[in-house]
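Residue numbers (the numbering used here), protein chains in the order written: chain A, 1 to 284; chain B, 1001 to 1188.
Everything labelled a hint here was simulated from the structure, so no lab data went into it.
Heads up, none of these hints are tricks.
A few chain B residues that don't get close to chain A, going by computed Cβ distances all over 10 Å:
id, residue
1, Val1003
2, Lys1005
3, Ile1010
4, Arg1068
5, Leu1150
6, Arg1151
DSBU-like, lysine-lysine: derived pairs with alpha carbons at most 30 Å apart:
id, chain 1, residue 1, chain 2, residue 2
7, B, Lys1185, A, Lys105
8, A, Lys177, A, Lys241
9, A, Lys96, B, Lys1180
10, B, Lys1009, B, Lys1027
11, A, Lys204, A, Lys281
12, B, Lys1036, A, Lys177
13, B, Lys1036, A, Lys89
14, A, Lys105, B, Lys1187
15, A, Lys34, A, Lys170
16, A, Lys34, A, Lys96
17, B, Lys1180, A, Lys89
18, A, Lys68, B, Lys1185
19, B, Lys1019, B, Lys1108
20, B, Lys1184, A, Lys96
21, A, Lys200, A, Lys177
22, A, Lys200, B, Lys1162
23, B, Lys1162, B, Lys1152
24, B, Lys1187, A, Lys68
25, A, Lys34, B, Lys1167
26, A, Lys170, A, Lys129
27, B, Lys1167, B, Lys1112
28, B, Lys1152, A, Lys265
29, A, Lys124, A, Lys177
30, B, Lys1009, B, Lys1108
31, B, Lys1184, A, Lys89
32, A, Lys89, B, Lys1187
33, B, Lys1180, A, Lys68
34, B, Lys1162, A, Lys204
35, A, Lys281, B, Lys1162
36, A, Lys89, A, Lys182
37, A, Lys96, B, Lys1187
Think of the CB as a built atom: it goes at the ideal place given N, C-alpha and C, for glycine as much as any other residue.
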Amino acid sequence: MEVSYYPGCSIEGIAREYGESVAAVARILGIDLKELEDWTCCGAASAHATDDMLALALPARNLETADKAGLDMVVPCAACYSRLKHADKALRAGTKIEGVNGGYKGDFRIKHLVDFIWEEVGEKAILEKVSKPLSGLKAVCYYGCLITRPPRITDAVDADNPESMDNILKTLGAEVKNWSYKTDCCGAEHVLTMPEVAWKMIQKLFDMAEEAGADAIAVACPMCQSNLDTHQDEISAQAGKQYNVPIIYSTELMGLAFGAPEADKWFARHFVDPRPLLREKGLL
Amino acid sequence: MTVAKIPEKISPRPSLRRKIEDLSGQKIAACFQCEKCTNGCPVTFAMDVVPHRLMRMLQLGLLDEAIRSDTIWVCASCETCTTRCPNDIDIAHVMDALRQLSQREGIKVVQKNAPTFHAAFLASLRRHGRVHEPEMAVEYMLRSGGLSGLRKQAGTGMAMFKRGKIKLLPPRVRAGRQVKNIFKKVKR
Ligand code: SF4
Ligand code: SF4
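Construct all of the structure, not just a fragment, from the sequences and the given hints.
This is the structure in C-alpha cells:
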C-alpha cells in the first residue's frame, strides 16, 4: 500500500522516537511511506495567529505536491494534519491561495496516521502481526484537539469521542480505559509561553487518566507527547503531588506488540521512562 | 494577569463590530450569549475575559479593549468553542483575527511571550522552509527572557540533547525559495 507521507518538523527532533516507530510499524504492516518531496512546514499555530493567507499558503504548497503524486497522504502530527486539512478545504472551495497556480484536483485524501491505520489497514491485518499482545497494560488514549476539531474541517464522525486509537490498542491486546478527556487540550505552545497555565491543563489530564485506572497515556501527536512527557517534575512541584506517567506513542505500542527489536531504543528517548512499567507487565 | 478595561458606560459602536466581523468572516451579531463556548473552554481559569463575554464586547464594538485583553493570547486554539457554538460562529478564528489585529496595530501586549514565540517560530520557518526546533527555542528564550531565560531552560535543552532529540544542523529544503516568496507576498 503506497501513500504520501508528510512527517512534519518535529519528527527529526523532539519526536524522533515517533518517526522511528512510525517507520518500523509501516514496514511491518506493509505500508510504503513515500515522503512528500521537498515538504515544508505547515505554519502551525504561529501562522494562523499572524496572517490568514500565510496560514493557508504554507500548507497549500505541500498539497500541490501531494496532488501531483495523487496518493492518499498520511500525517502523524495533529497540528500539521489540521493545517493541511484547512488548506485542502479552502482549495476545494476554490479559494485563491498565494503561491498556488490553480488546477487542484484533490483526487486524494488526507488522513491522520491513527485513522489511516485503523480504517485502511484494518483490524485483521493488525492482528496478524501481533506476536506479543499487550496483556495487562492499562491505558487511556489521548487524541488532543486537532485530530477531530473542528469536524467541518477534519470530517470527524464524533469530535468528542474518536475511537481509532482505542480500537488499535484493543487489537494489540491492551486494556483500554474509557475517559472523557480524549480530546482535551495539552496546552500547545503555552508550555513555553505560559508554562504555569499549560502545566495546570496537563495535570488535569494526569488526574483524569489516573481516575480512569490507566497506568499510561497513549498519544498520536508530537506536541501532545512532548508537552505531557517533558515537564512532569515541574507539574508535580506545582501540584504538590508526584506524577510519573509514561506517555507512549501509539506506534511505539504497535511496534512493541509486533515484536520490533528497536522498541527499547525508542523508549530510552522518553523523559518518563516507560520501561519499568512495561517490564512489570512482562511486556519487555 | 491583566484585567481588560471595560468602560462603565458603553455606547455601542456597530462600525467596530462590523470591522471585526469583516476581519474574521464571522457573524458575531448572531451570538445569543448561551455560554457554551465558555463552559467548554479549558483555559478560562487564566483569562481576564471569558469567551462569551469577549463576544459580547465585540457585539458592542469594544474592539480596542478586546485586542488588549489577555484572553486572545491565553486562548490555546483548541477549537472546542468553534465546534460547539450553536450559531456556527468560529470563535477560535475570531481569536486569530484579534491576535492578527493586535500584532498589526503594534499593541503593547502584557502576555508578550505568545507573540514573541510566534515571531521566533515564523523566523526559523522563513529561514529554512522548515522549523529548526533548537534554533527557534533559543531565539524565543533570548527574546522573551534574555540570557537568564535561556539559562533557566538550559537543563531541559541538555536533557533533550542526551535523548537524541536535538538535531544540530538546520534542515535543508530546496523549496526554501518558494517559502520565502510566500512570506514576501503576504507581508503587509
Ligand atoms: S457558543 Fe456561540 S452563541 Fe453561545 S455564547 Fe459562545 S459565541 Fe455566543
Ligand atoms: S479555542 Fe480558545 S477560546 Fe475556544 S475553547 Fe479553545 S482555548 Fe477556549
